[in-house]
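In this text, residue positions in the sequence shown follow the numbering used here: the first is 4, and each later residue adds one.
If you're looking for bench data, these hints aren't it; they were derived computationally from the structure.
There's no promise every hint is true.
Subject to a maximum C-alpha distance of 25 Å in a straight line, what follows is the list of computed DSS-like cross-link-like pairs (lysine-lysine) [claimed, not checked]:
no., residue 1, residue 2
1, Lys346, Lys308
2, Lys166, Lys371
3, Lys612, Lys585
4, Lys355, Lys543
5, Lys57, Lys223
6, Lys132, Lys97
7, Lys594, Lys504
8, Lys406, Lys455
9, Lys406, Lys371
10, Lys620, Lys591
11, Lys371, Lys308
12, Lys267, Lys97
13, Lys99, Lys166
14, Lys594, Lys543
15, Lys594, Lys670
16, Lys543, Lys36
17, Lys655, Lys585
18, Lys595, Lys132
19, Lys581, Lys595
20, Lys251, Lys267
21, Lys124, Lys251
22, Lys211, Lys154
23, Lys99, Lys406
24, Lys238, Lys166
25, Lys615, Lys595
26, Lys468, Lys215
27, Lys612, Lys308
28, Lys132, Lys118
29, Lys455, Lys273
30, Lys211, Lys588
31, Lys251, Lys154
32, Lys267, Lys57
33, Lys377, Lys273
34, Lys504, Lys468
35, Lys595, Lys620
Using C-beta positions, here's what the derived DEER-type ranges look like [unchecked claim]:
no., residue 1, residue 2, range
36, Trp407, Asp122, 53 to 59 Å
37, Asp578, Gly310, 20 to 26 Å
38, Asp100, Thr158, 16 to 22 Å
39, Asp32, Lys124, 58 to 64 Å
40, Gly633, Ser34, 37 to 43 Å
Using N, Cα and C, we set each Cβ at its ideal position, and we do this for glycine too.
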Amino acid sequence: MKVMKMLVIALFSLSLVVTPAAAEVPGVDHSMKRGATQGIVAASHPLAAEAGRKVLAEGGNAVDAAAAIQLSLNVVEPMMSGIGGGGFMMIYEKKKDKITMLDSREMAPADVTPKLFLDSKGKVIPFSKRHITGKAVGVPGTLKGVETALKDYGTMDLSDVIKPAITQAEQGIKVNWSMAQYIDENVDKLERYQTAGSVFVPNGKPLKEGDKLVQPDLAKTLKLIQKEGSDALYKGEIGKALVKEVQKRDGSMTMDDLKNYVVKEREPVKTTYRGYDVVSAAPPSSGGLTVQQILKLMEGYDVEKMGSNTPQYLQHLTEAMHLAFADRAAYMADEDFYEVPKKGLLDEDYIKERRKLINPNKATPNVKEGDPWKYEGKENPNKATVKEENPIGQTTHFSVVDKWGNMVSYTTTIEQVFGSGIMVPDYGFMLNNEMTDFDATPGGVNQVEPKKRPRSSMSPTMLLKDGKPFMAIGSPGGPTIIASVAETIMNVIDHKMPIQKAILTPRIYSGGYPTVRWEPGFSQDTILEMMAKGHAFEEKPEHIGNVQAVIYDYETGKMYGGADNTRQGTVLGVDAIKYVSKQPKPIKEEKKGEFTVEVNRAVYPFTDKQVKLIDGKPYVQSDRLLLGLGVIDSSDLKLYKPNHHSYLSVIKVAKSLGYKVKWDEEKKVVSLEKDPGEDDAGDDEDGDVITN
Numbered sequence: 004m005k006v007m008k009m010l011v012i013a014l015f016s017l018s019l020v021v022t023p024a025a026a027e028v029p030g031v032d033h034s035m036k037r038g039a040t041q042g043i044v045a046a047s048h049p050l051a052a053e054a055g056r057k058v059l060a061e062g063g064n065a066v067d068a069a070a071a072i073q074l075s076l077n078v079v080e081p082m083m084s085g086i087g088g089g090g091f092m093m094i095y096e097k098k099k100d101k102i103t104m105l106d107s108r109e110m111a112p113a114d115v116t117p118k119l120f121l122d123s124k125g126k127v128i129p130f131s132k133r134h135i136t137g138k139a140v141g142v143p144g145t146l147k148g149v150e151t152a153l154k155d156y157g158t159m160d161l162s163d164v165i166k167p168a169i170t171q172a173e174q175g176i177k178v179n180w181s182m183a184q185y186i187d188e189n190v191d192k193l194e195r196y197q198t199a200g201s202v203f204v205p206n207g208k209p210l211k212e213g214d215k216l217v218q219p220d221l222a223k224t225l226k227l228i229q230k231e232g233s234d235a236l237y238k239g240e241i242g243k244a245l246v247k248e249v250q251k252r253d254g255s256m257t258m259d260d261l262k263n264y265v266v267k268e269r270e271p272v273k274t275t276y277r278g279y280d281v282v283s284a285a286p287p288s289s290g291g292l293t294v295q296q297i298l299k300l301m302e303g304y305d306v307e308k309m310g311s312n313t314p315q316y317l318q319h320l321t322e323a324m325h326l327a328f329a330d331r332a333a334y335m336a337d338e339d340f341y342e343v344p345k346k347g348l349l350d351e352d353y354i355k356e357r358r359k360l361i362n363p364n365k366a367t368p369n370v371k372e373g374d375p376w377k378y379e380g381k382e383n384p385n386k387a388t389v390k391e392e393n394p395i396g397q398t399t400h401f402s403v404v405d406k407w408g409n410m411v412s413y414t415t416t417i418e419q420v421f422g423s424g425i426m427v428p429d430y431g432f433m434l435n436n437e438m439t440d441f442d443a444t445p446g447g448v449n450q451v452e453p454k455k456r457p458r459s460s461m462s463p464t465m466l467l468k469d470g471k472p473f474m475a476i477g478s479p480g481g482p483t484i485i486a487s488v489a490e491t492i493m494n495v496i497d498h499k500m501p502i503q504k505a506i507l508t509p510r511i512y513s514g515g516y517p518t519v520r521w522e523p524g525f526s527q528d529t530i531l532e533m534m535a536k537g538h539a540f541e542e543k544p545e546h547i548g549n550v551q552a553v554i555y556d557y558e559t560g561k562m563y564g565g566a567d568n569t570r571q572g573t574v575l576g577v578d579a580i581k582y583v584s585k586q587p588k589p590i591k592e593e594k595k596g597e598f599t600v601e602v603n604r605a606v607y608p609f610t611d612k613q614v615k616l617i618d619g620k621p622y623v624q625s626d627r628l629l630l631g632l633g634v635i636d637s638s639d640l641k642l643y644k645p646n647h648h649s650y651l652s653v654i655k656v657a658k659s660l661g662y663k664v665k666w667d668e669e670k671k672v673v674s675l676e677k678d679p680g681e682d683d684a685g686d687d688e689d690g691d692v693i694t695n
């Protein structure tokens, strides 16, 4: 009996050890003790987040809250989105257990041709010029998208959810650091047409952080919409003013274009990643498929073992991005005009075929698209491929989950910061430049065509565990959106990070060989090792994306969120959680040395103490130079060692490794060039020997 009693106690004790205190979904850890239970929002501005939180607190659902957030963002973040733009809203309807996508992407006017952005000589008009005219303005879809979402999936009226935005526009808001920064960076654009300049650069002085911004014209517009609904824009006086201004600025949009605009409900694209369902935006957005391709390519590797942001991980990730972006350029466009091989692009055998092209040790040049059509049993009907990359645009994203488990992931945009720079006179809202998301060069699937929607990178995404949505995530940032979303998902799933850490972990973006954008936070060792593999890291880091995500632990009913700090990202729960991002520290610029080292036109990030002119020739600290050039065995090198540091001749070491070397003594630049396909080969018998 005593033995039996001890056995029972032992088994009971064991059960206490192995039974978790609470079920957790990815992105949640034991440090996140408090969670909301009545709804939560994550948005890029605290006032917009509060508008959504208030709607949830009053009994509205996730769609109602999303509508309130979008309308508020038109007031508090007018440089990123608004009724002059478009977007994609992913909606999970708990009652029907269904995810759908509302496509309110901007549309080309009826009177356009593929040569819209060619000059009289047939040459492409530079982006800097073509994005600030009326030709760049697409037929906006945001307002109709919000109204459609409310009618089909919401519980509140547009006239109610628009109230916070009206109050903010009428009574004024304080300019935050993010808006002040973007205004300061775009003064010329805002003053070009004066209307926007009078609002954001009054009397020639850009609004600064803490200034009060009152927008009476926008308040008037919002009140008209409150009274008349979207008809005020698509059929009424707001639309007439919009069309008049677009035509004045050399555009061709008409009232018929506005009247004929329709929101389209589309089925999202779906795949799996390590057992989790990944549901994302379908064409005309390329975002969903490209995010999914990157994830599927990386699924073939032990990403967790590679470690977060190690050179090994970044090498595979960069190669995967190049493969996915090559397919994006070739195949993704408005599906109403060109069939997109959605199944083929995510076919397991196709992914395996593409994965074989990933070089684990070196950057692969000249990455080309694959042939996903054969995995659908078809031939490619669209032979031409046009690859263009415009300056990185901006957008906004927010995520919502309500107390019933309904979820929204919504990315919305006017494309570039302040869009086209054109504000509708007397109505106070900015107009998009989405037409420049079409290829300026005719011939590809994304060429300009009447009533077509331009290819987008927006990637509102949901992740599901056991068929139940637990995460809504997305980001702004043009094509960098895709990288931001994919990397954050891998941070959560593979690197087991809680959502806030996953969002704040530094990211990279590379849409094609060899250039890599990078955020502050990567070590010099990592950058040098990646550059030794042939990647051209940009000279300075910059912020990439602005991820906003919410998580719903359906086992416990608790809700959490994560907000990026590259804007004033905010997470607000109805009954718990209040988080507002602090402004990140300015990106530190390292002091430049006596000369610069360029490899294949990419500047190595050597600091002033790591470079030295010796007898007028360029030398670099030995460990830095060897790491940057990928030299592993340096046992036979003779080093120059002043001040306890060893230095090597850049010229001699580079020549010994097969680089073509040019030393510009006047500009103090040493340029190294090597075909990425060449093997390392020495041709300098003296190598890097230094005699002193």
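(request) Measure nothing beyond the straight line between the CA atoms of Lys251 and Lys154; if it is 25 Å or shorter, mark the hint as holding. (result) Violated, at roughly 35 Å.
(message) A range of 20 to 26 Å was offered for this pair. Does it hold for the Cβ distance of Asp578 and Gly310?
(response) violated (37 Å)
(request) Please work out if Lys620 and Lys591 have their alpha carbons no farther apart than 25 Å. (result) violated (28 Å)
(message) Holds or violated: Lys406 and Lys455, Cα atoms, limit 25 Å.
(response) violated (38 Å)
(request) Given the hint that Lys267 pairs with Lys57, test it: the Cα-Cα distance must not exceed 25 Å. (result) Cα-Cα ~29 Å, so violated.
(request) Sort out whether Lys97 lies within 25 Å of Lys132, counting only the CA atoms. (result) Since the Cα atoms of Lys132 and Lys97 sit roughly 46 Å apart, the hinted pair is violated (cutoff 25 Å).
(message) Hint check: Lys251 vs Lys267, CA-CA at most 25 Å. Holds or violated?
(response) violated (30 Å)
(message) Just to be careful, I want the Cα atoms of Lys612 and Lys585 compared with a cutoff of 25 Å; is the pair within it?
(response) violated (32 Å)
(message) Check the hint pairing Lys99 with Lys166 against an upper bound of 25 Å on the C-alpha distance.
(response) Status violated; Cα separation ~30 Å.
(request) Look at the Cβ atoms of Asp100 and Thr158 and judge whether their distance stays inside 16 to 22 Å. (result) holds (18 Å)
(request) Would you mind confirming whether the straight-line C-alpha gap from Lys267 to Lys97 stays at or under 25 Å? (result) Satisfied, since the Cα-Cα distance of roughly 21 Å is no more than 25 Å.
(message) Between the alpha carbons of Lys211 and Lys588, is the straight-line distance 25 Å or under?
(response) holds (18 Å)
The structure is inconsistent with the numbered hints 1, 2, 3, 4, 6, 7, 8, 9, 10, 11, 13, 16, 17, 18, 19, 20, 22, 26, 27, 31, 32 and 37, although it conforms to all the rest.
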